[in-house]
Amino acid sequence: MKDIKHFNATSINDAAAKLAEAGSAPIAGGTDLVTILRAMVNPNSPDTIVNLKTIPDMAYIREEGDALKIGALATLSAIAASSVVRGKWAALAQAAHKVGSPQLRNAGTIGGNICQETRCWYYRTEHNYFACLKKNQQGLCYALTGDNRYHSIFGATNGCVCVNPSDTAPALVAFGATIKTNKRDIAAADFFDVKVAPNKSAMTVLGQDEIVTEISVPAPASGAKSAFVKFALRRAIDFPIVNCAAVIGGGSASIVLNAVAGKPRKVTAAEQSIAGKTINEANAAAAAEQAATGTLSIGKNKYMIQLAKAMVKKAILACA
Amino acid sequence: MADYAVVGKAGNKEKTIVQKLTGRLDYADDRLPGQKLVARTLLSRYANAEVTAINTSAAEALPGVKAVITYDECPMLYKSIRRWGQEIAAVAAVDNETATRALELIQVTYQEGNQISDVEEAMKPGAPLTGVWEGTNIRTSELLRGDVEAGFAQADQEFTETAGWTNFWQHKEMEPWSATTYWVGDDLYVWTTSQNPFGQRNTIKNTMGWPMHKIHLISHGSGSGHGNKHGANWIIIAAVLAKKAGMPVSYHLTRFEQCCSSTAHQNKGKLEMRVGVKNDGTITAVEATYWADGCSGGATTASGMDFGFRYTYNVPHAKWTFYDIATNTPLRGAFRCVADPPGDALYNLVMDKVADKLGMDPLEFRIKNLVAPDMLQFESKMPFSSMGIRQCLEQAAAALDWDTKWHQPGNRTLSDGRLHGIGIAGHIDSHGQMSSPCGAILNLTKDGKCLIAPGQSHNAGSINAHCHHVAEVLGMKYEDVHVGDWGHTDVTSEGGSEGGSTRCITLGSAYVEAALDARAEAFAVAAGWMGLTPDKLSAGDGLIFETANPTNSKTWVEVAGRFSYPIIGKGYSWPKKLRRQVLNWPVGTDCEVRGQMAQAVEIAVDPDTGQIEVLNMASAIDCGQAIYRSGFNKGCFGGHEIIMGETLMYEQVIDYGNGASMNPNFWQNAHVTAMDIHPEGFNAIAVETDDACGPHGCKGVGEPEVSALACMANAVYNATGVWIDSLPITPDKVLQALGKA
Chain A
1 MKDIKHFNAT
11 SINDAAAKLA
21 EAGSAPIAGG
31 TDLVTILRAM
41 VNPNSPDTIV
51 NLKTIPDMAY
61 IREEGDALKI
71 GALATLSAIA
81 ASSVVRGKWA
91 ALAQAAHKVG
101 SPQLRNAGTI
111 GGNICQETRC
121 WYYRTEHNYF
131 ACLKKNQQGL
141 CYALTGDNRY
151 HSIFGATNGC
161 VCVNPSDTAP
171 ALVAFGATIK
181 TNKRDIAAAD
191 FFDVKVAPNK
201 SAMTVLGQDE
211 IVTEISVPAP
221 ASGAKSAFVK
231 FALRRAIDFP
241 IVNCAAVIGG
251 GSASIVLNAV
261 AGKPRKVTAA
271 EQSIAGKTIN
281 EANAAAAAEQ
291 AATGTLSIGK
301 NKYMIQLAKA
311 MVKKAILACA
Chain B
1 MADYAVVGKA
11 GNKEKTIVQK
21 LTGRLDYADD
31 RLPGQKLVAR
41 TLLSRYANAE
51 VTAINTSAAE
61 ALPGVKAVIT
71 YDECPMLYKS
81 IRRWGQEIAA
91 VAAVDNETAT
101 RALELIQVTY
111 QEGNQISDVE
121 EAMKPGAPLT
131 GVWEGTNIRT
141 SELLRGDVEA
151 GFAQADQEFT
161 ETAGWTNFWQ
171 HKEMEPWSAT
181 TYWVGDDLYV
191 WTTSQNPFGQ
201 RNTIKNTMGW
211 PMHKIHLISH
221 GSGSGHGNKH
231 GANWIIIAAV
241 LAKKAGMPVS
251 YHLTRFEQCC
261 SSTAHQNKGK
271 LEMRVGVKND
281 GTITAVEATY
291 WADGCSGGAT
301 TASGMDFGFR
311 YTYNVPHAKW
321 TFYDIATNTP
331 LRGAFRCVAD
341 PPGDALYNLV
351 MDKVADKLGM
361 DPLEFRIKNL
371 VAPDMLQFES
381 KMPFSSMGIR
391 QCLEQAAAAL
401 DWDTKWHQPG
411 NRTLSDGRLH
421 GIGIAGHIDS
431 HGQMSSPCGA
441 ILNLTKDGKC
451 LIAPGQSHNA
461 GSINAHCHHV
471 AEVLGMKYED
481 VHVGDWGHTD
491 VTSEGGSEGG
501 STRCITLGSA
511 YVEAALDARA
521 EAFAVAAGWM
531 GLTPDKLSAG
541 DGLIFETANP
551 TNSKTWVEVA
561 GRFSYPIIGK
571 GYSWPKKLRR
581 QVLNWPVGTD
591 CEVRGQMAQA
601 VEIAVDPDTG
611 QIEVLNMASA
621 IDCGQAIYRS
631 GFNKGCFGGH
641 EIIMGETLMY
651 EQVIDYGNGA
661 SMNPNFWQNA
671 HVTAMDIHPE
681 GFNAIAVETD
691 DACGPHGCKG
701 VGEPEVSALA
711 CMANAVYNAT
721 GVWIDSLPIT
731 PDKVLQALGK
741 A
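Those sequence lines, one after another, are chains A and B.
1 is the number of the first residue of the first sequence in my numbering; add one for each residue after it.
1 is the number of the first residue of the second sequence in my numbering; add one for each residue after it.
The hints are all genuine.
The calculated label-pair distances, taken between Cβ atoms and stated as ranges, are:
id, chain 1, residue 1, chain 2, residue 2, range
1, A, Gly155, B, Ile138, 36 to 42 Å
2, A, Ala286, B, Gly681, 31 to 37 Å
3, A, Thr145, B, Pro575, 57 to 63 Å
4, A, Arg235, B, Lys634, 20 to 26 Å
5, A, Pro43, B, Arg255, 17 to 23 Å
6, B, Glu97, A, Asp66, 47 to 53 Å
Covered stretches of chain B, as calculated for chain A (at least 3 residues, CB under 8 Å):
id, region
7, 609-622
8, 668-674
9, 727-737
Once the Cα atoms are required to be at most 30 Å apart in a straight line, the calculated DSS-like pairs of lysine-lysine come out as:
id, chain 1, residue 1, chain 2, residue 2
10, B, Lys278, B, Lys357
11, B, Lys576, B, Lys381
12, A, Lys266, A, Lys135
13, A, Lys314, B, Lys733
14, B, Lys243, A, Lys2
15, B, Lys554, B, Lys449
16, A, Lys302, B, Lys733
17, B, Lys570, B, Lys449
18, B, Lys244, A, Lys2
19, B, Lys740, A, Lys302
20, A, Lys314, B, Lys405
21, B, Lys124, A, Lys300
22, B, Lys381, B, Lys368
23, A, Lys300, B, Lys733
24, B, Lys214, B, Lys244
25, B, Lys124, A, Lys302
26, A, Lys266, B, Lys740
27, A, Lys300, B, Lys740
28, B, Lys278, B, Lys381
29, B, Lys740, A, Lys277
30, B, Lys79, A, Lys2
31, B, Lys9, B, Lys576
32, B, Lys244, B, Lys205
33, B, Lys733, A, Lys266
34, B, Lys244, B, Lys79
35, A, Lys266, A, Lys69
36, A, Lys314, B, Lys740
37, B, Lys319, B, Lys381
38, A, Lys180, A, Lys266
39, A, Lys180, A, Lys53
These aren't lab readings, by the way, just hints derived from the structure by calculation.
Backbone N, C-alpha and C define an ideal beta-carbon position, used for all residues, glycine too.
Could you build the full structure based on these sequences and the hints that come with them?
Here it is, written out as structure tokens:
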């Protein structure tokens, strides 16, 4: 790990100006970035870390009109515990609660959770052992031919089969949230993007000096219910093998899987199948079957297709 | 069974619990804070290669770097590379960051060879050589018993069943290998994590040629071992660096290093067994072939995988063939033995498969074929000092209400839609016996207390067991027996290896002798004061009293006050012989002392996700006599936690394309948590058979639970009707077995 300068930002503009300099990267809770730096995952690790946590008034959680407004620095534990979030936006509170462990949730922020990098074990191997496509344009996607038991069931994105591991991201996409940055408003469904150019390991569309400032989540339709479910090897701490958020009611359904592709995956066929119908075992099972539409096994990950169906079914039933 | 005053009593507390809970138990890395250099090692990026050139000049020139060593200076660093992550060079620097940066400056030129990390590829005819052994990837051996074909001729039916592969994984001890070393002239001082301080001193002497009496090794706290802390690799690297730097050096492995470098791993195993049986379920003969991934260390231990079967079942005719296959994977080593866990899992699976083919209850099939207490072991021709395997099976089964809950495979669904399964397995283990000779010393202080000084680290509960042995013999209260220093090669006696479940029985016997030695001196003092001869005295409950008139007594405090000097007791461990007659075998007969165990587990399998939930588990262990009862319970539960993890998720994934370890960390290769193993559903049962060799009738129990590997797989079959005989049993395999993936 090389020497890294630490810069405490006092404002968004202050942070953005520093981030505009080459070789700088933002940090909030640090639960993802620090592990990447310590393991020397990426050969182009930053020279300067810009601390966002010193920016005041960015950790709020409040209901404004019909929308939930969350400051990007709100911790996952605060979101999980918030009575506001747990009311109309239950799936988001459940998702925040399912992230990591209590210690990680106390440190980790919602902004960081949606900006975290992939857990692909080829990308993450210490000391940049696998100079994969995400780090080297002439590189390979090692997972494509290697051990891909935790990789995309919806094909490659620009040749890369890594998955987005965020728990909160599918909930935000399902609610139709907007990610506000210092430069623009981005629909959550458009926020995630697998970049595979050298030194562009990020999983979002954010620019170099672009910072998530707020997440705005519209209220679901009257009478709608939401739920988040997660499958992992262990019942605590683990990253998802497959997770799913659903918002169902008022004649519509929004169902989003994650950890199954490079970005959260809206399962439109399943949504259409369950929308407007009574939520029961048979209808949920029928909709869940639709979740397999467009899936593609690449070797060892075929079981994830079944898990995706199981998570969709479970999420739908939890909205009853 | 004897009625003991201290031994086996509930409520006796762990002696160093306060140090542990307050963080004051000192570990190797706690020593010399702020005064020591930090060591890091350069690990190979190839799994099979020769280092043709190495240039360390840039690393040596980096400010803060105090020493750089390579394979030219340290035998624990390597030029011929046979595994990804093998150590090539080491650096000592003022801090971790500087040492890590220095590693990046070391230039290494490799000549790459053919790496084969997939055991099935390595064992194929004509496979390229892995370079571990000269001219071959496979070594083989055989063992014969009786007349195999005559045995099969007696059978009504024959079945050939397979099981495997079992999983490859690293121990993942909470404390990785760790040592702090420094030199004073020619004297080397070492603080280290350990399962065998004296053995490590011996290894350092043999490897480096440094005089034994100049090596001062101390191991106090050790964050678990399970078989991975008998060596001295990390100590030697730190010591060589310290000598070169002229400063203390600490080498505390990172989790990445702990998974990838020269630490031990549980290896993969596979079994094919031809079984001849009569229609009533009696086994007449077996012909078994075991395969073991020998990994890159060249150890040949496949022949140990049959041990439990040979000792557990009454099969007069058998042939075993063993294949060890060398691969370019991290080292194979002891994890609750090198060979037992995969071996016990495999044949216990095959036993269930055969029972299933016969249409028999697997518990009934096992019990029908058990060895009997009046039998000599087939190969050694020795009697057993105690035999509780049948009680273990019966009590584990009863605890889970086996007779009610066992059902035909795949035909019981719980109300929530999950599939119910129950499984059982059991065996006589190779461990728990009286092992190599060792010694014990203790002090009776003038304030009426006893201090023991065991020559072992603080890995397990056996130190507390020694206190029970000593208190029982001295007639002291448990709380008056204390642990003085321990694990210090200068001041404690050689305590032997804390492996193989042997300390409670072996070092325990030495402590019984040491207590008898000290008691004799104390009785002499008491007898002189009381006007009696020592042979008229007894001791108990903190008193020394006249045997014929217990009211004529003195307290230990009173008697100790009359010591003209502190009394030192010393003793040596007992030979592995019967100390009382068993059936027709007289005292003094060479005997088999073996831990015995059975586990039963009840599970629910989610057919949609393949997730397995352990509902209840019972573990019945023939321990002879539970000495430190809460230690017995904790040891069983610790074993339960590990085996549940090994069965359901532990796996160090190797990329067969280059031999790299894909998950050398805690986030993709993690410990199970309390949420996964349901502590409230675990039931530890002490089966007490009063062993005829062990002190106070005990045997070792440090390696219980390994039968649980198979009992889980057997339960999954009972739930689903489909065999999953490779470990770990992860959701992908369950879903595949159910035709959903």
